[in-house]
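Going down the list, the protein sequences come from chains A and B.
So for the first sequence, my numbering puts the first residue at 569; every next one is plus one.
So for the second sequence, my numbering puts the first residue at 569; every next one is plus one.
Hints are supplied without guarantee of correctness; some may be wrong.
Where chains are identical, the list cannot tell them apart; a pair therefore holds if satisfied intra-copy or between any two copies.
[As the list claims (entries may be wrong)] Computed cross-link-like contacts, BS3-like style, restricted to lysine-lysine with a CA-CA straight-line distance of at most 30 Å:
(1) K728 / K838
(2) K760 / K638
(3) K937 / K666
(4) K908 / K878
These aren't lab readings, by the way, just hints derived from the structure by calculation.
If you're wondering where the values come from, they're calculated on a predicted model, not measured in any experiment.
Number of protein chains: 2
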Amino acid sequence: MAQKFQTLPGFRDFYPADCAARNYVFETWRRVARRYGFVEYEGPILEPTDLYRKKSGNEIVNQLFCFEDKGERDVSLRPELTPTLARMAASRQRDFKKPLRWFSIGQFFRYEKHQKGRGREFYQFNCDILGEDSVLADAELMALAIDLMLELDFSSEDFKIRISDRQAWVSYAMDQGVPEESLTDFLQTVDKMERTPPEKTDEKLQEIGLSLAGIEAFIKSGAEASEPLREVLANLEARGLGDFVEVDLGIVRGLAYYTGPVFEIFDIGKGMRAVAGGGRYDQLIGLIGGVEMPACGFAMGDMVITDLVKETEKPAALLEAAITTEQSVDLYVVEADSSKKAATAQVVQLLRSGGFSVQYAFADMKVGKQFQTAEQSGATHAVVIGSEFPQVGIKDLSDRSEKTVSLEALLEAVK
Amino acid sequence: MAQKFQTLPGFRDFYPADCAARNYVFETWRRVARRYGFVEYEGPILEPTDLYRKKSGNEIVNQLFCFEDKGERDVSLRPELTPTLARMAASRQRDFKKPLRWFSIGQFFRYEKHQKGRGREFYQFNCDILGEDSVLADAELMALAIDLMLELDFSSEDFKIRISDRQAWVSYAMDQGVPEESLTDFLQTVDKMERTPPEKTDEKLQEIGLSLAGIEAFIKSGAEASEPLREVLANLEARGLGDFVEVDLGIVRGLAYYTGPVFEIFDIGKGMRAVAGGGRYDQLIGLIGGVEMPACGFAMGDMVITDLVKETEKPAALLEAAITTEQSVDLYVVEADSSKKAATAQVVQLLRSGGFSVQYAFADMKVGKQFQTAEQSGATHAVVIGSEFPQVGIKDLSDRSEKTVSLEALLEAVK
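Isolated chain A, as found in the complex:
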């Protein structure tokens, strides 16, 4: 008896229908990114662990799949892409015209409790603009993120993009006399406000000379608090995307390295899950790569978005259609006369060289069974090879109509 093997907890098998769903999401990411003039890149899945120690938060470092390789290097499966991007961009920055518009689709790994919408591996779309100070680059990324959602057939009733400005918070804190060494603590307190009892937040704020009431008033001031946010808003409105945007200064984002506008896409009404998020990080590339380069970017994982697509009527219908198409062939060749093996091989090759996807039975099979298989294959037509070859039959599998054509006319006839 063979041993029963299973996938590791938190890791996924992609059977054909799952893989078609994955490919549909990937292709949507790729298509929209290219429409925005972004080019694709990819880094290694395994990196020196030090690359993450420097910049990724403690939480991420504690979740690393890290080990010592056979050459005694301390290595990790990558938990995120930004450090790799910083390394790559810095080391060859002279070779590229700025700004760089780069995107990537790849797999990432974090050893954490796996649950719905979170595994130990996941795919992520990363999209960054490097070497550009203008806040219009931030707006470009937000527009791209919105267009990803629209391309998946979500509407303004399904999601919102909440935008904020980390720099506005820093200015506010400075104005209020918060000492610089308390800034990180302060931002984390704001980041956790929604999930923390108000009296606890207030207590923490009072320690650095602030109050909950003051913070709440600042949040209410919205875009008034930030010139960059006003520019971003105007730009998104000019694109006709204003309906999707909500200024919410309560968004700070956990990662320490953001320095300007930040944003998150949330679903509406289906759990308010975060679907994508990002922001400006002007100091990180200098920190990791030793080359100063302003930057902004965002990421979208595959798990939450795919769940959300499946749970939402119109996006789900598009996905289903894509899954069916990816698993269907154009034509099925039926061998009605088993002495015509060479003819079958010849016709199959001819049809494929014409660009059609084609299946046929390898082993001898009753003709009725072959037609049944043809219908299951998703083919619209069967091409029938019989004793009258080189005349061949073409059967429309939806209305069952048939016609006969010569081998020379076949490719033209099935087009």
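We have chain A already, so just place chain B on it with the hints.
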């Protein structure tokens, strides 16, 4: 001063041009596989190490990137896909109509000395037919492998597919009275013949009652030695692919699990490197998954084929064109009047919603510089926003001709 990070030895960064080359190879694999009616799947990159201990040869097990995860599991980065495929197919075999025609494109890891054409990570195309006894399935895979090469624009002067039959060797050995327990040794001796001094091979053969002369005569007998090979040959000839095929019984293939026809694609004249290889393995799925299922398959790695494409004139030209296309946009929007930021945003969005890929400058930039950037972007036309908006200019970047259209007519005009 920031620490200088580098990729681990044997791991690759894919900068945009590298990534475009990778994508070109992936898309070619995917397009041809779909034309053959194959569907895509994918397994986890990390698997329990035991999955490989059972079946992969010792050489592969010694090259594993293996470690203990935070849950004290003995895990490995996958060195090959076939054990995962066997596990997946066996565990859900009732859900799929046989034969399964499955392909996959993914990354694999082996800790070995890295050199040209061999890294510690590589991508591999895997293509398998499961649940089919007929040798026409083997022929289908060989035809698919040949068509991959043709799709990349290789000709019969660039490569050959050498086919052999492991079972023919087993029958020969049985006929000669070789004891069953010596079979594996015998096959390995034949596999290594080309790289071993003849007298040493002869010595080994004599130990089991055979001779080099006898073996050489058997190899010369070619397709005469194997009914399946004759069927395969007839099928490939009927497809018009006979020119690419060479029967060479000297091919045995190293892996222990092959049970029938085996094949390898070699380049001709550029180092005779193996580009792809595979064969029938009727017992492996039972061994790993506990379900008997005949199977055949092959794999092609990305490194040798990409090197070969780059070294061969016509394939290299196709690749270069694909790299250029992937990194070019359709249109570049020039903002000739910096007070027209909203107009620019609106036009950019309009063009993208029409399916065009569009770039523009985020920061204010002199008009001449914008046109220069437009030309570098690969765009065929620039769309010019000036004081006469909502009239917009369209400039053909190759012949420098210009026209003016209304905003409403723009999409139609740039098609």
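Structure-based check of all given hints:
1. For the homomeric pair K728 and K838, the shortest alpha-carbon distance inside one copy (12 Å) is at most 30 Å, but the shortest distance between copies (56 Å) is not.
2. For the homomeric pair K760 and K638, the shortest alpha-carbon distance between copies (28 Å) is at most 30 Å, but the shortest distance inside one copy (42 Å) is not.
3. Only between protomers do K937 and K666 lie at most 30 Å apart by alpha-carbon distance; the minimum there is 13 Å, versus 60 Å within a single protomer.
4. For the identical chains of this complex, K908 and K878 are neighbours neither inside a copy (46 Å) nor across copies (41 Å), given an alpha-carbon limit of 30 Å.
Checked against the numbered hints listed earlier, the structure breaks hint 4 alone; every other hint is satisfied.
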